[in-house]
Amino acid sequence: DGGITQSPKYLFRKEGQNVTLSCEQNLNHDAMYWYRQDPGQGLRLIYYSQIVNDFQKGDIAEGYSVSREKKESFPLTVTSAQKNPTAFYLCASSIDGRAAGELFFGEGSRLTVL
Amino acid sequence: SQKIEQNSEALNIQEGKTATLTCNYTNYSPAYLQWYRQDPGRGPVFLLLIRENEKEKRKERLKVTFDTTLKQSLFHITASQPADSATYLCALKNYGGSQGNLIFGKGTKLSVKP
Chain R
1 DGGITQSPKY
11 LFRKEGQNVT
21 LSCEQNLNHD
31 AMYWYRQDPG
41 QGLRLIYYSQ
51 IVNDFQKGDI
61 AEGYSVSREK
71 KESFPLTVTS
81 AQKNPTAFYL
91 CASSIDGRAA
101 GELFFGEGSR
111 LTVL
Chain L
115 SQKIEQNSEA
125 LNIQEGKTAT
135 LTCNYTNYSP
145 AYLQWYRQDP
155 GRGPVFLLLI
165 RENEKEKRKE
175 RLKVTFDTTL
185 KQSLFHITAS
195 QPADSATYLC
205 ALKNYGGSQG
215 NLIFGKGTKL
225 SVKP
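Quick note, the sequences are listed as chains R and L, same order. So the first sequence is numbered by this note's numbering: it starts at 1 and just counts up by one. So the second sequence is numbered by this note's numbering: it starts at 115 and just counts up by one.
Isolated chain R, as found in the complex (with noise of 0.2 Å):
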């Protein structure tokens, strides 16, 4: 089946620790996305990608990196410079990042900080 897999569904990070977040596509889409999402808040873009090796920032980029050197892969990196990452993050891919078309998102990954 495709579609987009996160992982870990939920994970536990003391202060001070970076973690990354997984995120696979089998879509063969160009374009994939990095949200957080807060509880009583809309879906923030922490990072997007349209293409292999290129990436972009989005509103609330700081304290956070991302790599893209596979098409199927995009994953995110949660660093100690992020002073509130306790959220649920969720990627989610686009046939191509300028036309109008749905976002797929996978199932989530929710991050608490200890």
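For the record, the hints were derived by calculation from the structure and aren't laboratory data. Any given hint could turn out to be false.
Said to hold, decoys possible - Once the Cα atoms are required to be at most 25 Å apart in a straight line, the calculated DMTMM-like pairs of lysine to aspartate or glutamate come out as: (1) L:K223 / L:E129; (2) R:K14 / R:D54; (3) L:K169 / R:D38; (4) L:K223 / R:E102; (5) L:K117 / R:E69; (6) L:K173 / L:E119; (7) L:K131 / L:E119; (8) L:K223 / R:D38; (9) L:K117 / R:E102.
Following the hints, put chain L in place on chain R, whose structure we already have.
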């Protein structure tokens, strides 16, 4: 300032009735609007897209309208069922740029009672 607002955090209706959800925006010029459904702890799922030159779109029991004069989109679910209970998100895309500029509302939580 720019805002996208879904003006009900929660909406409770009786099974069989029509649910109407509202999405208003300020200081945007949307090329299109999208609606997504999100179940608890899951990623959003795309439902409908409506472009700024379209007045109405339908898909089975779902209907979305777009009024650029009122700066508003309405999302209707007819003959609602308890299985329709979920949070519904609207998202708009301003002219220009990529899908990375998709702006999400906070969502409306719909509860359909039997």
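Q) Looking back at the hints listed earlier, which ones does the structure fail to meet? A) 2, 3 and 5
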